[in-house]
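Visitor: Taking the hints into account, I'd like the entire structure generated from these sequences.
Numbering (the working numbering), first residue to last: 3 to 70.
If you're looking for bench data, these hints aren't it; they were derived computationally from the structure. As the structure is a computational prediction, the values presented were derived from the model and not from experiment. Beta carbons are placed, not taken as given, at the ideal position from N, Cα and C, and that holds for glycine. There's no promise every hint is true.
Said to hold, decoys possible - What follows is a list of derived Cβ distance ranges for each label pair: (1) 33 x 11: 30 to 40 Å; (2) 13 x 67: 11 to 21 Å; (3) 18 x 44: 14 to 24 Å; (4) 28 x 59: 30 to 40 Å.
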Amino acid sequence: MFLKITKQYGKPICVALYAGFAALAAKKKLLPLLILLALHTFEYFHVGRKVAKENGLSKIEGLAKCLA
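Guide: Okay, structure coming up:
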């Protein structure tokens, strides 16, 4: 069910999250940045390793692209 929701509403959700993180970062709050880094690290372990391997990228390159 979660994947159905993210496929349908993924882009608007990401835009809203980034807007929220940007607003909090503008107020010099560190927590949003840490949450964002944690989510992207989770993304790497969930999806990024497989995609990096399929494209012939090293683990470090795959992680860097997920964090970017």
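Visitor: So, for every hint listed, does it hold in this structure?
Guide: The hints, checked one at a time:
no., hint, result
1, 33 x 11: 30 to 40 Å, "violated (24 Å)"
2, 13 x 67: 11 to 21 Å, "holds (19 Å)"
3, 18 x 44: 14 to 24 Å, "holds (19 Å)"
4, 28 x 59: 30 to 40 Å, "holds (33 Å)"
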